[in-house]
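Those protein sequence lines, which keep their order, are chains H and V.
Going by our numbering, the letters in the first sequence line up with residues 1 to 385, in that order.
Going by our numbering, the letters in the second sequence line up with residues 386 to 787, in that order.
Do not take every clue at face value.
[As the list claims (entries may be wrong)] Derived EDC-like pairs (lysine to aspartate or glutamate); straight-line CA-CA distance at most 16 Å:
(1) K751/V with E599/V
(2) K65/H with E133/H
(3) K662/V with E383/H
(4) K785/V with E133/H
(5) K701/V with E46/H
(6) K273/H with D743/V
(7) K380/H with E673/V
(8) K701/V with D373/H
(9) K683/V with D318/H
(10) K701/V with D318/H
(11) K22/H with E443/V
(12) K380/H with D705/V
(13) K52/H with D41/H
(14) K701/V with E383/H
(15) K380/H with D679/V
(16) K683/V with D41/H
(17) K785/V with D17/H
(18) K453/V with E443/V
(19) K362/H with E46/H
[To be verified] Looking from chain H toward chain V, a few residues come up when the C-beta cut is under 8 Å (computed):
(20) D11
(21) Q18
(22) F21
(23) P48
(24) R54
(25) T269
(26) E383
[Stated by the list, open to error] Covered stretches of chain H, going by a simulated chain V footprint (3 or more residues, C-beta under 8 Å):
(27) 168-182
(28) 276-287
In short, the hints are calculated from the structure, not lab data.
For clarity, every value in this text was computed on a predicted model and none was experimentally measured.
Just so you know, even glycine gets a beta-carbon here, dropped at the ideal spot from N, CA and C.
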Amino acid sequence: MSSPKNTQPRDFGFDEDQAMFKDSIRRFLDENNGRSLLRKDTAGTEDPYYGKKRTGSFDQSIWQKMVELGWTALTVPEAEGGGGMNLVTAASLCEELGRAAIATPLTMTLHTTFVLREANTDAANHWLGKIAEGRSGTLAIQDSVGSFDISDTDVSAVTGATGSTVLHGTACFVQDAQKVDFVVIAACSEKGTGLYVVDINSEGLVIEPDTIVDLTRDQARIQFRNVVAEEIVVPGGARNVMERAIPALLTMVAADIAGASEWQLQTTTEYAKLRVQFERPIGFFQAVKHPIVDMMICTDESRSLVYNAACAYDTTPDDADRCARLAKSSASDTASFCSNRSVQLHGGIGFTWEADVQIYFKRQKHNQFLYGDGAWQRQKLAELV
Amino acid sequence: MPLIKETAEQNEFREFARHWLEENRPPATKMQLPQAAYEVMSEDHRSYLCDWQAKCYEAGLIASDVDKRYGGHGHDGFQQIASTEIRRANVPYFINWIGLGMTVPTLLVHGTEEQKQTYFPKIFSGEEIWCQGFSEPGAGSDLASLQTSAVRDGDNWIINGRKVWTSLAHFASHILLLARTDKDNKHGGITYFVAPMDRDNGVTVTPIHKMTGESGFNEVTFDDLVIPDSMRIDEVGNGWKVAMSTLTSERGAGVGVGAVAGESPQERINHLIALAKTTIRNGKPVWEDAVTRDRILKLLVRVEGSGQNMRRTRVKALADHPMRIPLQGKLVGSEIGQELYEVALSVLGMQSSLYVGDPNSIEDGKWPLGYMNSYTGTISGGSSEVQRNILGERVLGLPKTK
């Protein structure tokens, strides 16, 4: 039996153009991470008991620049006015977004792009065209307990009086709902679960923001009260579409984690070189040095598995699910370990609101569980080995 | 997307290697080989393994890319292919792994023309087996504190001292030897030699028994062994630098000239999964125990991660520090390997108590034996602790421990 790996390009599809693109993303995000605005907009929200509610702010001007750079269009098919690039490109973007820990609608717009690509209906393609033009989207695919099984949706779709589809119910854990223009919803009817799109400003759509730990995201429950929706995948068709899209979603979250872990590694390393105790930089001590090396080791495994998963999705779809589960399993554990060590090894300062370490810590803990943690991915893997 | 394509010659060679290995796989033998070349002790094992290595060399699967002047086959990009195919074929390991894996890469960089021409052909064929004399009773992790002395005597050097943990010394014709040529200069006082294992002229080899009951490594003492200056490698006082290049090879970062055959990590994890699925305890397969299964799958993820790491080292755009992943090889491989055996013992439960030679043991005691032998990997060639120092200091630039 020949291994499916044999048909993958050995360089993960990562040619010189990809490398240059990744460099350019990093340079852009080094200058435009929106950190000062994030700090400004979250000031006063620190106190969990008496503080202000957070609004899911993000830097609009950076977002506009991203759209102008074509980052939303990049992975939209050429027929819909996009760049026709694949998951390797999206994973590069996500890795750098994670490294910058930026608050942006781009992450969920990329996730939405891959769901719409897999849907591949006229209606879905129409919305892909809108993404190419700079409209942002997110996914409402989870129920109140955060189940990852698409059939567990708490939203139902019924045919309204005028023959149009109308949505009722509540979708939970909707990522970046306050940042985007439209939302793709999984909703069920007697004929099974389908996928639908509504504009975020639709009548009857109520966003109830969650108070969450992560500062770089917002999350919400969305109430649908007779919301007129556009069907993009027929009832009963959502499961197949999502099964094909989930490897892409897992890979993109794992890429975000890999980028953030690399930041945690580099930042903790630099701190260990500068911080002096007992007349030496603390990085001299093996109790500090060795765990930093362990951060590097798990980060590298996760990064390599991300590139492999992205490449598998693009070139060997039969193996995409397995490769994505490997990547997200590794990345979830890496997110946990690197977050733990980065705060611990920074000591007191790492535990403060002031240090950026906390921003990454929270983003990582969020991503660790998004679309399932390591143990969940390994349960899915058990069915594949 | 551009594929890294093989040339027509490389493709043809891959076909040849695969076919050759199928045809020439050594006949099954009644004797049970040790798990790795580290533990080969008996003469019948030695001759069986030497014959196998010689055949592979003749077929061009060893030293495929080495210059013909040195007994190589003079190809380009063939070794990687040969090594992959050897791995895939699951054939016996090469007994002369120190010669292939350490002597050759080291001398390719630091050896003279004459040294390469003299030593390489018999290393490739397995006619001469090599060992490595680095560690001493007082110099383990702190290798540079070694005391074995080399004193100049005209055109010769006189060697005195003791080396330990010397694998394969009992078969070896030559030793890679680190000796002190200057007592007042710790790192700069070390010189690198190759020396004959001349039992009639001051070399004594005494076996050491491992916790497994096997032997395979030794104490080697030098009592006024005389060697010519032509056996010195590189400049006097440059031995530490040369040793680092040998150790880089040992840690998986060097240029290979022959694969280490045997069960690959991927095969071993599949083996463990099969073991968990077929071992029944308390009325059901151990695989159905969620805790054990999760431990196994965590290892599977790490094995796959290591494999993809190796793939990534060949993609320039995705590597950062050039040594970052290569220097992790030995550390990560040995730690994953050890945990794999440890989990296997949990899978077996009480059956893990049945050792090599017991008629009821599982796979003739492979798992408890392998678990104990896994410490070879985490201790030799620089312990895991030393590896973490090296990675922290050389790759991340953290302050040096020493």
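Now for the hints, and whether the structure bears them out:
1. K751/V with E599/V: Holds: K751/V and E599/V sit about 13 Å apart, inside 16 Å.
2. K65/H with E133/H: holds, 13 Å
3. K662/V with E383/H: holds, 13 Å
4. K785/V with E133/H: violated, 53 Å
5. K701/V with E46/H: Violated - the C-alpha atoms of E46/H and K701/V are around 43 Å apart, more than 16 Å.
6. K273/H with D743/V: violated, 54 Å
7. K380/H with E673/V: Holds - the C-alpha atoms of E673/V and K380/H are around 14 Å apart, at most 16 Å.
8. K701/V with D373/H: violated, 31 Å
9. K683/V with D318/H: violated, 22 Å
10. K701/V with D318/H: Not OK: K701/V and D318/H at ~27 Å, beyond 16 Å, violated.
11. K22/H with E443/V: violated, 46 Å
12. K380/H with D705/V: violated, 32 Å
13. K52/H with D41/H: holds, 10 Å
14. K701/V with E383/H: violated, 35 Å
15. K380/H with D679/V: holds, 11 Å
16. K683/V with D41/H: This hinted pair is violated, its Cα atoms lying about 40 Å apart.
17. K785/V with D17/H: Status violated; Cα separation ~38 Å.
18. K453/V with E443/V: holds, 13 Å
19. K362/H with E46/H: holds, 13 Å
20. D11: holds, 5 Å
21. Q18: holds, 7 Å
22. F21: Hint on F21/H: violated, closest Cβ of chain V at ~10 Å, above 8 Å.
23. P48: Because about 33 Å separates P48/H from the closest Cβ in chain V, which is outside the 8 Å limit, the hint is violated.
24. R54: violated, 35 Å
25. T269: holds, 5 Å
26. E383: violated, 11 Å
27. 168-182: The restraint on the segment 168-182 of chain H is violated, since only 0 of its residues have a Cβ under 8 Å from chain V and three are required.
28. 276-287: Since 5 is at least three, the answer is holds.
Of the numbered hints listed earlier, those contradicted by the structure are 4, 5, 6, 8, 9, 10, 11, 12, 14, 16, 17, 22, 23, 24, 26 and 27.
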